[in-house]
Amino acid sequence: DDNQMKDPDMASAVAAIRTLLEFLKRDKGETILGLRESLTSATDCLTGVDSSVAVSSGGELFLRFISLTSLEHQDLSRCKKVMEERGELFLEKISMSRAKVAKLCHTFIKDGAKILTHSYSRVVLRVLEKAAAEKKRFSVYVTESQPDAAGRQMAEALRKLNVPVTVVLDAAVGYVLEKVDLVIVGAEGVVESGGIINKIGTYQMAVCSKAHNKPFYVVAESFKFVRLYPLNQQDVPDKFKYKADTLKTVQNLSEEHPMIDYTPPSLITLLFTDLGVLTPSAVSDELIKLYL
Amino acid sequence: MNEEELVEYFRAQMRKDPDMASAVAAIRTLLEFLKRDKGETILGLRESLTSATDCLTGVDSSVAVSSGGELFLRFISLTSLEHQDLSRCKKVMEERGELFLEKISMSRAKVAKLCHTFIKDGAKILTHSYSRVVLRVLEKAAAEKKRFSVYVTESQPDAAGRQMAEALRKLNVPVTVVLDAAVGYVLEKVDLVIVGAEGVVESGGIINKIGTYQMAVCSKAHNKPFYVVAESFKFVRLYPLNQQDVPDKFKYKADTLKTVQNLSEEHPMIDYTPPSLITLLFTDLGVLTPSAVSDELIKLYL
Numbered sequence: 001d002d003n004q005m006k007d008p009d010m011a012s013a014v015a016a017i018r019t020l021l022e023f024l025k026r027d028k029g030e031t032i033l034g035l036r037e038s039l040t041s042a043t044d045c046l047t048g049v050d051s052s053v054a055v056s057s058g059g060e061l062f063l064r065f066i067s068l069t070s071l072e073h074q075d076l077s078r079c080k081k082v083m084e085e086r087g088e089l090f091l092e093k094i095s096m097s098r099a100k101v102a103k104l105c106h107t108f109i110k111d112g113a114k115i116l117t118h119s120y121s122r123v124v125l126r127v128l129e130k131a132a133a134e135k136k137r138f139s140v141y142v143t144e145s146q147p148d149a150a151g152r153q154m155a156e157a158l159r160k161l162n163v164p165v166t167v168v169l170d171a172a173v174g175y176v177l178e179k180v181d182l183v184i185v186g187a188e189g190v191v192e193s194g195g196i197i198n199k200i201g202t203y204q205m206a207v208c209s210k211a212h213n214k215p216f217y218v219v220a221e222s223f224k225f226v227r228l229y230p231l232n233q234q235d236v237p238d239k240f241k242y243k244a245d246t247l248k249t250v251q252n253l254s255e256e257h258p259m260i261d262y263t264p265p266s267l268i269t270l271l272f273t274d275l276g277v278l279t280p281s282a283v284s285d286e287l288i289k290l291y292l
Numbered sequence: 001m002n003e004e005e006l007v008e009y010f011r012a013q014m015r016k017d018p019d020m021a022s023a024v025a026a027i028r029t030l031l032e033f034l035k036r037d038k039g040e041t042i043l044g045l046r047e048s049l050t051s052a053t054d055c056l057t058g059v060d061s062s063v064a065v066s067s068g069g070e071l072f073l074r075f076i077s078l079t080s081l082e083h084q085d086l087s088r089c090k091k092v093m094e095e096r097g098e099l100f101l102e103k104i105s106m107s108r109a110k111v112a113k114l115c116h117t118f119i120k121d122g123a124k125i126l127t128h129s130y131s132r133v134v135l136r137v138l139e140k141a142a143a144e145k146k147r148f149s150v151y152v153t154e155s156q157p158d159a160a161g162r163q164m165a166e167a168l169r170k171l172n173v174p175v176t177v178v179l180d181a182a183v184g185y186v187l188e189k190v191d192l193v194i195v196g197a198e199g200v201v202e203s204g205g206i207i208n209k210i211g212t213y214q215m216a217v218c219s220k221a222h223n224k225p226f227y228v229v230a231e232s233f234k235f236v237r238l239y240p241l242n243q244q245d246v247p248d249k250f251k252y253k254a255d256t257l258k259t260v261q262n263l264s265e266e267h268p269m270i271d272y273t274p275p276s277l278i279t280l281l282f283t284d285l286g287v288l289t290p291s292a293v294s295d296e297l298i299k300l301y302l
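Same order as they appear, the protein sequences are chains L and A.
Residue numbering for the first sequence follows UniProt numbering, starting at 1 and increasing by one per position.
Residue numbering for the second sequence follows UniProt numbering, starting at 1 and increasing by one per position.
So that you can see chain L by itself, here it is in the shape it has in the complex:
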């Protein structure tokens, strides 16, 4: 929590990983197995605070990365030191990931393009910053994205970059799609099939984009790749669908508005990640390489 307040621009998953690294440094356990278990429960605890998919996947990837090395030392403290070093390396890698994504994606934004995006995404913002820095002229339509009106925050940030931006209603996506050239959204999580989990409203934006034949691009860092395979909207676990506070306090979840939806891979044109520009079918290969 402290970490996140320090830098609101940081992804919540990065803050979680910093926290886990700190947890590792302060851990007083006696065995590697015990360490692994406590790190897993720490990740679950953090997911209980911020129920985004990325925190859960980021934590799991952190754990795998730091253990993916020779831990055959006799001395536990030597093993821990190795793990801490790898942890720092991992953190460094992922801090660069957003910049890598922006570098890959901004070339797909042509001069004079009209872009549609959904809700508030720091990755999309970074991509648009880079495109604006490359002296490209483009205008943006951003959805209001109820129930938290996060789209207005995005519009504010874009106005600071002097990008012409229009806030549209969630209901106006079909209406405005004939005017736009491309759609770029972020992702809270990228699933095994190559589909994405993102703020509610993304799925219908993807369906309408397909109907209008507009390219639907997703920008996501690789730590968001998660070991889930939903087949429809119901398959996404409830712990990701609702805010953590809601899950703790509310009895009857069917009265609550879900915060995320699942977009199947057939509707996505390309995914821009720090591992490269991927088609949805290539995602499962990359996921295997990451988690092996």
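I should point out that these hints are in silico values taken from the structure, not numbers from a laboratory.
One or more hints might be untrue.
Unchecked claim - List of simulated lysine-lysine pairs, DSS-like, C-alpha gap at most 27 Å:
no.	chain 1	residue 1	chain 2	residue 2
1	L	LYS239	A	LYS249
2	L	LYS210	A	LYS189
3	L	LYS214	L	LYS110
4	L	LYS81	L	LYS25
5	A	LYS124	L	LYS239
6	L	LYS179	A	LYS124
7	A	LYS110	A	LYS224
8	L	LYS135	L	LYS179
9	L	LYS243	A	LYS189
10	L	LYS210	A	LYS258
11	A	LYS249	L	LYS179
12	L	LYS103	L	LYS135
13	L	LYS93	L	LYS25
14	L	LYS179	A	LYS220
15	L	LYS135	L	LYS214
16	L	LYS100	L	LYS110
17	L	LYS210	A	LYS220
18	A	LYS113	L	LYS179
19	A	LYS189	A	LYS170
20	L	LYS114	A	LYS249
21	L	LYS214	A	LYS224
22	A	LYS253	L	LYS248
23	A	LYS16	A	LYS113
24	A	LYS220	L	LYS214
These figures come from a predicted structure and were not determined experimentally.
Got chain L; can you put chain A on it based on the hints?
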């Protein structure tokens, strides 16, 4: 009857019966205008009725007021007006006007009678925003002792969906309000989609509250039937090819059109849904496919 009186009468009609369609109130107003008119020629009468319709569209910018007014004018003139005496002609026109009004007051009941049979027991229905016709249909289905549940979209920017949910709760129908953004999310759970229409265009497409178009696209993607319920006075002589083609005077509320300079900053209130996405239209002229609409439209306006 000058403009101010016209507008005042129209508003009074709307207040008297909030359940009445605004087009029906407009037609009552036009009938009253006809009765009080002091013109000397048939042609003058026709012109003043047309300008009265425009004036009312300026008050309530719904498509139905415009189409209803035009249909009223055509219906009352569709008779032998070969009398020497102007007052006799006017009397004939007034009688036909009353007949027209009576016919369209029955139209919502006819639509409900046709449509409720398509709602099977145990159905889950998705609807959009607040529509009195859809409400009437669901009332009839509930009266036939059918069990069904309804998802209704919140429908920003005026949150009209909540009004619909309230009305449905009074009928003891289980209803859930969903976000406009959650339409794609909830469509896998529903069996059919029923929406009203503000206007039905020549191609068989409809003009309705913003958000209808993307609901139709998603319904097509999920293979769910997309039904439209509309009275026949909503059939309008427009042929939009895309969203931009719909005239601005229908897209924004009348007050917005008068006060705001730069319309591109305003949220449009309606969108156009092409006929390819609509399964069936239920009207008081019968159950129509979108392609049959243009035939019916010609018969109406001839």
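(request) Find the hints from earlier in the document that the structure breaks and name them by number, from lowest to highest. (result) Numbers 1, 6, 10, 18, 22, in rising order.
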